[in-house]
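Colleague: Sequence:
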Amino acid sequence: MRSLRILLCLLALLLLPAAGEAEKTPRNSVSGELTVVTDDNYPPYAFRDGDGALKGYLVDLWALWEKRTGRPVHLIGTNWEAAQRLMAAGEADVIDTVFETPERDRVLDFTRAYADIRVPILVHKSIGGIDGPGALRGFLVGVKAGDACIDRLRADGIDTFRTFDSYAGLVEAARTEHIKILCLDEPPANYLLYKAGIDRSFYQAFLLYTGQFHRAVHKGDIATLHLVELGFERIGPAELRQAQDKWLGERLRMPASVRYISYGLLAALVAGGVLAIWVFTLRREVRRRIAELGQERNRLHTLIETIPDMVWLKTPDGVFLTCNHEFEKLYGVPEADIVGKTDFDFVDPVQAQFFRQHDRAAIAAGKPTTNQEWVTYAADGRTALLQTIKTPMRDDSGALVGVLGIARDITRMHRVEQELRQSEALLLQSQRLASVGHFVFDYASQTLRTSKVLDGILGIADIRPSGLDDLLARVHPDYRGDVMGRLADVRRTGGSLEREFPVLLEPPCNDGGATAPAATAETRWVKMSAEILFAADGTPSSLFGTVQDISEARKSAAEIQQLAFYDPLTRLPNRRLLLERLSRATSVSERSGCHIGLIFIDIDNFKVLNDTRGHRVGDLLLEEVGRRLNACVRTGDTVARFGGDEFVVMIEGLSDRVEQAVVQADVVAEKILHQLSMPYLLEGQSHHSGASLGLTLFNGTGTSNDDLLRQADLAMYQAKAAGRNTRRFFDPGMQRSLTAQTLLEEQLRDAVAGRGFVLYYQPQISRDGGIVGAEGLIRWPHPTRGLLAPAEFIAAAEMSDLILSIGGEVTRMACRQLALWGERDETRHLTLSINVSARQFRHPSFVREIREALSSSGAEPAKLKLELTESLLLQDIEDCAQKMLALRALGLHLSLDDFGTGYSSLSYLKRLPFSQLKIDRSFVRDILTDPNDAAIARTIILLARTFGLTVIAEGVEEEGQWRLLLAEGCDEGQGFLFGQPLPEPDFLTLVADWRTGAPVPVDAGPGLVDD
6 MRSLRILLCL
16 LALLLLPAAG
26 EAEKTPRNSV
36 SGELTVVTDD
46 NYPPYAFRDG
56 DGALKGYLVD
66 LWALWEKRTG
76 RPVHLIGTNW
86 EAAQRLMAAG
96 EADVIDTVFE
106 TPERDRVLDF
116 TRAYADIRVP
126 ILVHKSIGGI
136 DGPGALRGFL
146 VGVKAGDACI
156 DRLRADGIDT
166 FRTFDSYAGL
176 VEAARTEHIK
186 ILCLDEPPAN
196 YLLYKAGIDR
206 SFYQAFLLYT
216 GQFHRAVHKG
226 DIATLHLVEL
236 GFERIGPAEL
246 RQAQDKWLGE
256 RLRMPASVRY
266 ISYGLLAALV
276 AGGVLAIWVF
286 TLRREVRRRI
296 AELGQERNRL
306 HTLIETIPDM
316 VWLKTPDGVF
326 LTCNHEFEKL
336 YGVPEADIVG
346 KTDFDFVDPV
356 QAQFFRQHDR
366 AAIAAGKPTT
376 NQEWVTYAAD
386 GRTALLQTIK
396 TPMRDDSGAL
406 VGVLGIARDI
416 TRMHRVEQEL
426 RQSEALLLQS
436 QRLASVGHFV
446 FDYASQTLRT
456 SKVLDGILGI
466 ADIRPSGLDD
476 LLARVHPDYR
486 GDVMGRLADV
496 RRTGGSLERE
506 FPVLLEPPCN
516 DGGATAPAAT
526 AETRWVKMSA
536 EILFAADGTP
546 SSLFGTVQDI
556 SEARKSAAEI
566 QQLAFYDPLT
576 RLPNRRLLLE
586 RLSRATSVSE
596 RSGCHIGLIF
606 IDIDNFKVLN
616 DTRGHRVGDL
626 LLEEVGRRLN
636 ACVRTGDTVA
646 RFGGDEFVVM
656 IEGLSDRVEQ
666 AVVQADVVAE
676 KILHQLSMPY
686 LLEGQSHHSG
696 ASLGLTLFNG
706 TGTSNDDLLR
716 QADLAMYQAK
726 AAGRNTRRFF
736 DPGMQRSLTA
746 QTLLEEQLRD
756 AVAGRGFVLY
766 YQPQISRDGG
776 IVGAEGLIRW
786 PHPTRGLLAP
796 AEFIAAAEMS
806 DLILSIGGEV
816 TRMACRQLAL
826 WGERDETRHL
836 TLSINVSARQ
846 FRHPSFVREI
856 REALSSSGAE
866 PAKLKLELTE
876 SLLLQDIEDC
886 AQKMLALRAL
896 GLHLSLDDFG
906 TGYSSLSYLK
916 RLPFSQLKID
926 RSFVRDILTD
936 PNDAAIARTI
946 ILLARTFGLT
956 VIAEGVEEEG
966 QWRLLLAEGC
976 DEGQGFLFGQ
986 PLPEPDFLTL
996 VADWRTGAPV
1006 PVDAGPGLVD
1016 D
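According to this note's numbering, the residues represented by the sequence shown are 6 to 1016, in order.
Because the hints were derived from the structure by calculation, they are not lab data.
Just to be clear, a hint being listed does not mean it is correct.
Here are the computed lysine-lysine pairs in the BS3-like style, where the Cα-Cα straight-line distance is at most 30 Å [unchecked claim]:
hint, residue 1, residue 2
1, 676, 725
2, 251, 60
3, 72, 60
4, 224, 915
5, 224, 185
Throw the hints in and build the complete structure from the sequences for me.
Modeller: Printed below as a string of structure tokens:
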């Protein structure tokens, strides 16, 4: 009756439409016109010429694409914002010159990047100081509407934009100086700024980011995406290089810094030329004047050479008349090369003009003037600060004859003074930053001096304490006597004090001699250090002390303690504190002999709550669980959150007799189960939950903490396996099973690393009796247990990530085998089926790994068949559909394995691109004796015909089974009737010896009967 009901349901499903409607057909058919939209203001990629025609690098590339694919292309060039609207409205199939962003990822699928595009921030030369995104705040930035740089700037906190329809409009606004800061891609920037004649008016402030050009299709349009990439892959390197050479050549641009230096040099040359003419004119006059002063110059020369400072004499016009040896070091040339020249001949115009201004100031003052100036010695490159005295020199008639200069190097003195000021400032700043103030109490005068920082710490900025007693009055009453006593000891012994205590920030009030209660006053914790300063005769002269505000440090230490040892959500002890308490409890138990119970708790179905109602509600549940657990134990016991939805309860002081300890621990566990099964009120809604508990007992017998937790964890999983919301005590057999499982996993890892797996091949027979293919079945030549079938190790691989590596290796082995078969005439026709696990299929890189395996091996995709189970289709049908379509696009086939044993929904048969159904061996085994199995097999074959699929039956072991299946229209068979799984050489021998037509003709057997 059970099989009859299944048969009736399947027949009824044949008459019902599929559960979901097919997706809307694409805008264009596979052979129709491909509409591509792009920005027409992006030179040299795409732009309009003088006649308005669209031209550029992408125009040529899409023409080559059309030539290589035979698919007509309608290329639409428009402004970028309009291009995005056309794509969003479904009026285009492909959008080009697009950056990939998280927002676009939601609606588009992208090709591989084909160009790296620099996106700089360009700033008008009149604006300086723009060195990063933060410097743009408050400035108006010009951008193109819809440009990806808008998202990038917003991510950096910049939101003041002026948008333009195109880059051309943006550059035109820059040319008219309506906008002075631009964000635009470098290729159009080079082209448009130069074309507008303003490339020298802007400089690149910084590189905002480097994007990548992609082409994109509508989300889920995998066929078009593959078609686009395939077409561009067919464009030859020579054709691509020719297009690049034609459009992407970049003119060399002089960096802005080089241009500015060039302008400065040109200006200096012009100034130098003018000065040279001026100097030439002056030289004639200088020569005349020098001849008149020759005798005086000789006397002065002898004098100034004996002076250790720099000495020089200039004319009123700044021409050097003489100098001493020390001055020669400044300009690095002898006196003979200095005389007759000016400062402009040796230093830059700015510094020369500085010297000249002070010469004139001395002349104007009519008396010596002093100034300081930084100079660089040409002789050794040393920089020095000079203190210069300049004195106007006059002859006997009072006429001005020149300016005498004397300079002394005060660099060292200046540096010492500067370091002293910096030290004082740093000390004050350090005290502020460290919240350290100081005080000095003079014993002789009984006066107290305090720093401003200390006044702020104690809250006495407006109340200057006059003596030490006023200062000590701020100490909390509970600590005041101790501090006063210690300070007295310091004076008596000459030692030092270091003490932490709270101080009152409000002045104490006296009522009958009693201090007001400190509980009502605001307090602050401080650290005082104090020591005695001694007079020259050795007697104590004063008490010097520092006071540091440590309130925040103590608060931080408490917070660190909380974070280090407690769970921030539930406020329960965390794993670290649990392990510490567990170690301490083990020592106590070892001495006392009393047992300790460890209960490992896992909340049942917590992930479902998190996924359906969100993490906030999940957190509320965890907090309530923590509160209920605390209510179930004694004060001395420990309730800890171990991680996620796992908790651990440690019960101390159980009986030294194990039988009684078990009963005591079980009472607590039962209480916990009862409390956790009570309804929870989470954000106004009732929620029911339960927990699985694993218990283990110990009494300090040497078992490690990790082993104890592992035992409780194993027992908890046994409780889950027993139906959840229950408890189990640890059984040593669990540990043995775990050890064996761990060993098997380690051996599997070694096998994966050493490629220690092989494929066996079981023949698949067509209706006419020929071998048309095989199923590749993995075998593991175990080092000690011999050849292992999948049933002995695949479950262990599924529990770890090893199934992904094993599945990938099977795929690669199958592809290599297909490539070898393709080289031989007798095996070229064979197909090869391999099983794909659910975890392997759901991995994001599965399709790419299949593609790479086919590509690297050279196997023909049409010969590879992937067998997928029904259970794989029950989660995320959309993802399954996309991956299966991508696999079919590669050319391989998909077979639905074990059909009829699982969900068996006709909706996915209609929706998913299967090419074959596989009848499970459970229906084939009793097909000759069980009418229900025969009816199910016939229905599956009928379903396959209805959906245009082929059918293969597995587990065919008897000739009668094969006859019946053939009579009903089964296409292929597989089983021990035709051959067991064989290593590759034996399989090839079987293929060579096989004779078409055996074992049974198609019409030789009776049909299936309804009964």
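Colleague: Could you run down the list of hints and mark each one as holding or not?
Modeller: Against the structure, the hints come out as follows:
1. 676 to 725: 18 Å, holds
2. 251 to 60: 12 Å, holds
3. 72 to 60: 17 Å, holds
4. 224 to 915: Holds: residue 224 and residue 915 sit about 22 Å apart, inside 30 Å.
5. 224 to 185: The given pair, whose Cα atoms are some 38 Å apart, is violated under the 30 Å limit.
Comparing the model with each earlier hint shows a violation of hint 5 alone; every other hint is respected.
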